[in-house]
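One-letter residues, chain by chain:
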Amino acid sequence: DVKVTQSSRYLVKRTGEKVFLECVQDMDHENMFWYRQDPGLGLRLIYFSYDVKMKEKGDIPEGYSVSREKKERFSLILESASTNQTSMYLCASSSGFGNQPQHFGDGTRLSIL
Amino acid sequence: AQSVTQLGSHVSVSEGALVLLRCNYSSSVPPYLFWYVQYPNQGLQLLLKYTTGATLVKGINGFEAEFKKSETSFHLTKPSAHMSDAAEYFCAVSLNQAGTALIFGKGTTLSVSS
Chain A
1 DVKVTQSSRY LVKRTGEKVF LECVQDMDHE NMFWYRQDPG LGLRLIYFSY
51 DVKMKEKGDI PEGYSVSREK KERFSLILES ASTNQTSMYL CASSSGFGNQ
101 PQHFGDGTRL SIL
Chain B
1 AQSVTQLGSH VSVSEGALVL LRCNYSSSVP PYLFWYVQYP NQGLQLLLKY
51 TTGATLVKGI NGFEAEFKKS ETSFHLTKPS AHMSDAAEYF CAVSLNQAGT
101 ALIFGKGTTL SVSS
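Line by line, the protein sequences are chains A and B. Number 96 in this note's numbering belongs to position 96 of the first sequence; there are no gaps in the numbering. Number 34 in this note's numbering belongs to position 34 of the second sequence; there are no gaps in the numbering.
Derived from the structure by calculation, the hints contain no laboratory data. One or more hints might be untrue.
As the list claims (entries may be wrong) - Each computed EDC-like pair below joins lysine to aspartate or glutamate, with the alpha-carbon atoms no more than 16 Å apart:
#1 B/K106 - A/D59
#2 A/K3 - A/E30
#3 B/K106 - A/D38
#4 A/K70 - A/D38
#5 B/K49 - B/E64
Unchecked claim - According to the in silico footprint, chain A covers these stretches of chain B (three or more CB under 8 Å from chain A):
#6 41–47
#7 89–95
#8 105–114
All C-beta atoms in this analysis are idealised placements derived from N, C-alpha and C, irrespective of residue type, glycine included.
Modelling step: build the complete structure from the supplied sequences, incorporating the hints.
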């Protein structure tokens with residue numbers, strides 16, 4: 001089975017801090033994704049990557065950046081955390097083309113105080 | 001541009017009753033369609049997917065969905081609800097392109113009462 005592991009289930013940070021969310025997948029997938037999930041808004045795509053060192057902006061990239069130095073690892077960075085970035089963050093990976101399903105981690109619930 | 005609309009943010013059924021969760025999509029090309037389920041404090045789990053071929057797709061836990069191109073719909077059904085089906089369900093669409101991201105609906109919360 002595919003395993004997508006997010007480094008933290010719960011995280012509490014302060015405004016202005018630089019925050020790193022880490023995601024690792026073990027199935028050699030080309031594609032990796034970061035979503036943000038908020039009640040009533042569903043999942044919104046922040047960034048995705050289809051290859052090492054490649055990245056594409058999603059629907060809500062403002063305030064975030066990403067890094068993919070190795071195929072199995074995709075990091076989401078909040079450059080200067082703000083309270084409106086308090087949310088559930090979900091990482092996913094997939095192989096090949098759009099007909100392949102995405103496999104999700106269990107999420108990181110991030111609170112910015 | 002692609003989009004997904006899930007009708008009803010909250011659906012309540014009795015145990016043993018039919019489950020029907022509605023999903024309509026918009027896509028300029030033939031889409032790939034997915035249903036995911038999310039249990040509390042967990043990530044999303046794939047229920048089923050439609051890519052090509054048979055339009056009636058069977059998934060895990062007794063769920064199935066039918067792709068109806070003329071209605072641009074991909075509704076999720078289960079003949080008899082179980083208490084363990086209570087969760088949030090997401091419909092999603094994608095294109096057959098390398099590195100394509102999924103477009104998700106806003107989700108439907110299913111409640112099952114005894």
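Hint-by-hint comparison with the structure:
no.	hint	verdict
1	B/K106 - A/D59	holds (14 Å)
2	A/K3 - A/E30	holds (14 Å)
3	B/K106 - A/D38	holds (9 Å)
4	A/K70 - A/D38	violated (29 Å)
5	B/K49 - B/E64	holds (9 Å)
6	41–47	holds (count 6)
7	89–95	holds (count 3)
8	105–114	holds (count 3)
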